[in-house]
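**Student:** Residue numbers (my numbering), protein chains in the order written: chain A, 1 to 583; chain B, 584 to 753; chain C, 754 to 1030.
Honestly, the hints are just simulated from the structure, not real lab data. The structure displayed is predicted, hence computed values, not measured ones. Among the hints, a few may not be true.
To be verified - Label-pair distances were calculated between CB atoms; the ranges are:
1) C:D847 x A:V372: 44 to 54 angstroms
2) B:Q660 x A:N428: 40 to 50 angstroms
3) B:D658 x A:L153: 49 to 59 angstroms
4) C:T979 x A:L109: 29 to 39 angstroms
5) B:D658 x A:D494: 25 to 35 angstroms
6) B:D658 x A:N269: 48 to 58 angstroms
7) C:T938 x A:V372: 17 to 27 angstroms
8) B:D658 x A:D449: 37 to 47 angstroms
9) C:A918 x A:V372: 44 to 54 angstroms
10) B:D658 x A:Q495: 46 to 56 angstroms
11) A:L143 x C:T938: 41 to 51 angstroms
12) A:L194 x B:D658: 30 to 40 angstroms
13) C:K849 x A:D494: 35 to 45 angstroms
What the hints assert, rightly or not - Pulled from the structure, derived: some chain C residues nowhere near chain A, Cβ distances all over 12 angstroms:
14) D772
15) E775
16) Y881
17) S889
18) T896
19) I897
20) A1003
What the hints assert, rightly or not - Far from chain A by the CB rule (all over 12 angstroms, computed), these chain B residues:
21) N610
22) D615
23) M620
24) Q660
25) E661
26) I668
27) D674
28) R704
29) F715
All C-beta atoms in this analysis are idealised placements derived from N, C-alpha and C, irrespective of residue type, glycine included.
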Amino acid sequence: MKKILFLAFTFISSFSFAQEAEKDYGQIHGNFQTNAQYYLRDTIIDPNGTAFPDERLLAAGFLNLTYSKGDFMAGLRYENYQNNLIGLPEGFKGEGIPYRFIRYKHEGLDLTVGNYYEQFGSGLIFRTYEERGLGLDNAMDGLRLIYEIRPGLKAKALVGRQRIYFETSDGIVRGGDLEFNLNEFNGTNSRTNLIVGAGAVSRFEESTDPIYNLPENVAAASLRANFISGNFNIFGEYAYKSQDPNSSNRFIFKPGHAIYANGSYSKGNLGIILGYKYYDNFLFRSERVANFTELLINYQPPLAELHTYALPALYSYNVQANGETGMQAEIAYKFDKGTLVGGRYGTLVNLNFSNSYALDKSFITRPGFDSVPTISGTDGYSVEGAGLDIETRRLSWFNDNLKFDIPRRLNNIQYSQDFNVEVKTKINKSLKGTFSYYNFIYNRSALLDGVVDDLVSDPNTLEIVYVNAMVAEILWKIKPKHSLRSEAQLMLTDQDRGSWALLLLEYSIAPQWFFAVQDAYNYGHPDPDLRVHYPLVSMGYTRGTTKFQFNYGRQQEGVFCVGGICRVVPASNGFSMMITTNF
Amino acid sequence: MNTKLLKTLLLLLSLSLSAIAQDKIPNIQLKDLSGNMIDANLLENDGKPMIISFWATWCKPCVLELNAINDQYVDWQEESGVKLIAVSVDDSRNSARVKPFITSQGWDYEVYLDENQELKRALNVNNIPHTFLVDGKGEIVWQHNGYMTGDEDHLYELIEKLNRGEEISE
Amino acid sequence: MKKIFLSLAVLALMLGACDKIEEGDYLIQREGGGGNPIGGGQDSLHVILLEEFTGVKCNNCPAANAKAKELQSIYGHDRLILLGIHAGNLAQTDDKHPKAFNTPEGTELFNFFNLFGVPVGFVNRIDYLNSDIIKSEGDWGSTIAQEILREPVATISLREEIFNASNSTLKVSGSVATLLTFSATNVKICLYLAENNIVSPQTMPDKSVDTAYVHNHVFRGSFTGTYGTTIDLSSGSNTFNESIVLPSDAVKENCEVIAFIYDGESYEILQATSIEI
Chain A
1 MKKILFLAFT FISSFSFAQE AEKDYGQIHG NFQTNAQYYL RDTIIDPNGT
51 AFPDERLLAA GFLNLTYSKG DFMAGLRYEN YQNNLIGLPE GFKGEGIPYR
101 FIRYKHEGLD LTVGNYYEQF GSGLIFRTYE ERGLGLDNAM DGLRLIYEIR
151 PGLKAKALVG RQRIYFETSD GIVRGGDLEF NLNEFNGTNS RTNLIVGAGA
201 VSRFEESTDP IYNLPENVAA ASLRANFISG NFNIFGEYAY KSQDPNSSNR
251 FIFKPGHAIY ANGSYSKGNL GIILGYKYYD NFLFRSERVA NFTELLINYQ
301 PPLAELHTYA LPALYSYNVQ ANGETGMQAE IAYKFDKGTL VGGRYGTLVN
351 LNFSNSYALD KSFITRPGFD SVPTISGTDG YSVEGAGLDI ETRRLSWFND
401 NLKFDIPRRL NNIQYSQDFN VEVKTKINKS LKGTFSYYNF IYNRSALLDG
451 VVDDLVSDPN TLEIVYVNAM VAEILWKIKP KHSLRSEAQL MLTDQDRGSW
501 ALLLLEYSIA PQWFFAVQDA YNYGHPDPDL RVHYPLVSMG YTRGTTKFQF
551 NYGRQQEGVF CVGGICRVVP ASNGFSMMIT TNF
Chain B
584 MNTKLLKTLL LLLSLSLSAI AQDKIPNIQL KDLSGNMIDA NLLENDGKPM
634 IISFWATWCK PCVLELNAIN DQYVDWQEES GVKLIAVSVD DSRNSARVKP
684 FITSQGWDYE VYLDENQELK RALNVNNIPH TFLVDGKGEI VWQHNGYMTG
734 DEDHLYELIE KLNRGEEISE
Chain C
754 MKKIFLSLAV LALMLGACDK IEEGDYLIQR EGGGGNPIGG GQDSLHVILL
804 EEFTGVKCNN CPAANAKAKE LQSIYGHDRL ILLGIHAGNL AQTDDKHPKA
854 FNTPEGTELF NFFNLFGVPV GFVNRIDYLN SDIIKSEGDW GSTIAQEILR
904 EPVATISLRE EIFNASNSTL KVSGSVATLL TFSATNVKIC LYLAENNIVS
954 PQTMPDKSVD TAYVHNHVFR GSFTGTYGTT IDLSSGSNTF NESIVLPSDA
1004 VKENCEVIAF IYDGESYEIL QATSIEI
């Protein structure tokens, strides 16, 4: 199959090249990226050398090529790992072409053969995408057909197997989606619109398990609606998954339910967002037994703010596979220039609050092997009704007098709480500042150590981290083309690795150069030997679409998260290089 | 298999270096903030230049760039007639945030959503911010990755060049 | 409202196709509960060796261990042999875990097969050539269910020769006989020592430490080095004779010896057997 595609590709390209100069012989775009890291043995951050790779130099490279001409598009991606960087999945080894496709679009018909990415609604039942920083790529390999039955009524049908490293999964996935868009249907383009959709996905995987009678076909279906009216935007999606005993839920036969809803209002200087999530046994993969980011069919939006400053990002939220519920509220307001808070240029204030709780589960057990009670092979659990109970909850250890009344479910284990405030303003003609404050409650046992809540005998043994952090970022435009950006971060906590301080100075000479120096100091670590500095220097050079970046230094252990899916990045010391280009 | 692979790739690369006559925006659909679908290849600005900038609410340099341009947008539009189209690649968790975010930033751009990053992939964008400059004939004449304070001045120089009918050679 | 959603979703599901397993049918029924093994004795049947990599500080390992024992109760001790290899950075001692049971051979196997964590296992070390040798706990059952149906290609007999208590040396001997279908040319034989009933602290799923945890089938060392010794089976059969010095804290009565032959190219175990000593 690969060879045929190659030949087709080369044939078409050479054929079009042979055409006359005036004719449109299509166009080829591409991009190239390579990341390489040379590791140095650092006994302070890694005394046993467990995170130190034997290869010393690790590198990964990607080349994407896309050819398009009229209604026709084809592409491929070549990947090379010798071997993959630490922190990223080890399964990426060697080289190959794991992604290639041919696509034809004509008058409402869109057909793709080969690899493709697709999403139904918010992704609750189906979302395939690539997130290279996480080492996540669950592209489908098969057939996809999108057909516009009439304007405003679009149908999608797909079938295939998902990518796992350089192979495809054993499970076969097929699905369909139907979406109705009122404005498209009526041929109007107004600010009021109603979009309604329904989708279904099912997965087939053989079963030869000697203990459980596993269903070979597992299906999920969802209904969604998005109502937009001028300043309001309300979205809701409900999804259901049939019996899916798998290694993450420990082989229980309970179906899954999920609700994801979002509402926003924006007018003038004010923006308000409210969100709610409820995920019950909603992890869905192509194979029953898979790890981490492998073979995910669906996507559960985390409904938590993505923090990009280095210190607050150490406590980023990770969606819990076994179920969770939570909400998010955000208010953004721009104070106009000339007002008291607005100052001379205007000030933007953003407040954000989100939380996550475990579901209130009553476990159903059966006597298992050696008469040890187990939930495997049963319905698993049942979830109590939404018994909201108001209880005063301490917002942070920082100020004992600060208490908030926040609705809390009975007997639930809390996974996280995140309250943050961001103020952005222009101080004078050459200075811009962003000031933020963060308050986190982070259940380290659940989010980092993988302690599953239903196996916890005593909730008081869970390690909860209470964090207060502050960041000040100043951008100083020294003279045209020269600017200095500085970040001062402080993170205070008595738990986990203790308090941190960070200073970053980045000097850039537009449009080509930047130099940066950063030091993160873990001054509050409970172990005095680990109260170390993590210095890092970087420089970058950009020319057109080609960008080179070099870093040297010590990187602290942390998490890299995108969309609620996190990768633990071990501490490392060494040189790293990244080159990207686009053509 | 590997040598054949390399030969094919080299052939394609050399072709690409010679075959780039017209680079147009591919035929991918985007959603506006009211859920209306538009075809990216039909985006136009009446024969005048267009800036297409890929961004996301969580991408700080993107927001910095769009804010810097916003400060001068009124002047830019008056003098050159340029239009900026901001394509958000926020994943589904954040696309409901986009409208309130724009309102609070006070941006006047045309904003579209590229929810599963289809247009981003079709244009071979690796990281954001990534900005394209499209001339009056709908051809992509320049693109840039990353943002540093002052880049917008260089961008405006190129827009003025286009308006004078000059070629952009970088 | 929820009912409308639910019924519409179910309707969509019927188009999506799913298998519904009725409540009473979740578990595959076996006659007589867990004690009735599939198949009879081991003389002319293919035997599976499940090597589970584990560690005293690994909180997911007790569950994997229980799964391995459950599978052994289904197939019988004669057809499914278990071996717990303690290796990796969770098989280290600390103040709560005075013993870790890691061995140089176990660590070498961990590194050679590129393991990245525990618990994982090998089912007769199959699928090495297609990079699929590492099996997660959830896959053990179905992999064993398929492997156990294979026809045997050889038989191994094993017996204890002598145990010298003064220098803790154990000698065993045995023979390997191939059956008609045997085709491998580069064959190696391995003899491993395992010990049962060791009481030592182990981290449990909720991160607490159980000081009275009973470790079984713990890999304590090898008679023949990590990779075994070559054995020539071109004539159809051969004998072997090996010895080992027991670790100082090992209790001889709790030990068993596992012998297996494997294909030097594909690492696949062709036959295995074990005896208690």
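**Student:** Next, verify each hint and record whether it holds.
**Tutor:** Going through the hints against the structure:
1. C:D847 x A:V372: 44 to 54 angstroms: Because 26 angstroms falls outside the window, the suggested range is violated.
2. B:Q660 x A:N428: 40 to 50 angstroms: Violated: the Cβ-Cβ distance is about 26 angstroms, outside 40 to 50 angstroms.
3. B:D658 x A:L153: 49 to 59 angstroms: The hint (49 to 59 angstroms, Cβ to Cβ) is violated, given that D658 (chain B) and L153 (chain A) are roughly 44 angstroms apart.
4. C:T979 x A:L109: 29 to 39 angstroms: Since T979 (chain C) and L109 (chain A) have Cβ atoms about 60 angstroms apart, the given range 29 to 39 angstroms is violated.
5. B:D658 x A:D494: 25 to 35 angstroms: 52 angstroms, violated
6. B:D658 x A:N269: 48 to 58 angstroms: Violated, at about 22 angstroms.
7. C:T938 x A:V372: 17 to 27 angstroms: 46 angstroms, violated
8. B:D658 x A:D449: 37 to 47 angstroms: Between D658 (chain B) and D449 (chain A), where Cβ atoms are some 55 angstroms apart, the hint is violated.
9. C:A918 x A:V372: 44 to 54 angstroms: 37 angstroms, violated
10. B:D658 x A:Q495: 46 to 56 angstroms: 52 angstroms, holds
11. A:L143 x C:T938: 41 to 51 angstroms: 44 angstroms, holds
12. A:L194 x B:D658: 30 to 40 angstroms: Because 39 angstroms falls inside the window, the suggested range holds.
13. C:K849 x A:D494: 35 to 45 angstroms: Given a distance of about 23 angstroms, which is not inside 35 to 45 angstroms, the answer is violated.
14. D772: 4 angstroms, violated
15. E775: 9 angstroms, violated
16. Y881: Since the minimum Cβ distance to chain A is about 14 angstroms, Y881 (chain C) lies beyond 12 angstroms and the statement holds.
17. S889: 5 angstroms, violated
18. T896: 8 angstroms, violated
19. I897: About 7 angstroms separates I897 (chain C) from the closest Cβ of chain A, which leaves it inside 12 angstroms; violated.
20. A1003: A1003 (chain C) clear of chain A: closest Cβ-Cβ about 25 angstroms, beyond 12 angstroms.
21. N610: 6 angstroms, violated
22. D615: 8 angstroms, violated
23. M620: 6 angstroms, violated
24. Q660: Correct as stated: the minimum Cβ-Cβ distance to chain A is 20 angstroms, above 12 angstroms.
25. E661: Consistent with the label, E661 (chain B) stays out of reach of chain A, its closest Cβ about 21 angstroms off (over 12 angstroms).
26. I668: The claim stands: I668 (chain B) keeps its Cβ more than 12 angstroms from every Cβ of chain A (closest is about 16 angstroms).
27. D674: Not fine: 5 angstroms to the nearest Cβ puts D674 (chain B) too close to chain A.
28. R704: 7 angstroms, violated
29. F715: 10 angstroms, violated
Hint compliance for this structure: hints 1, 2, 3, 4, 5, 6, 7, 8, 9, 13, 14, 15, 17, 18, 19, 21, 22, 23, 27, 28 and 29 are not met, and every other hint is.
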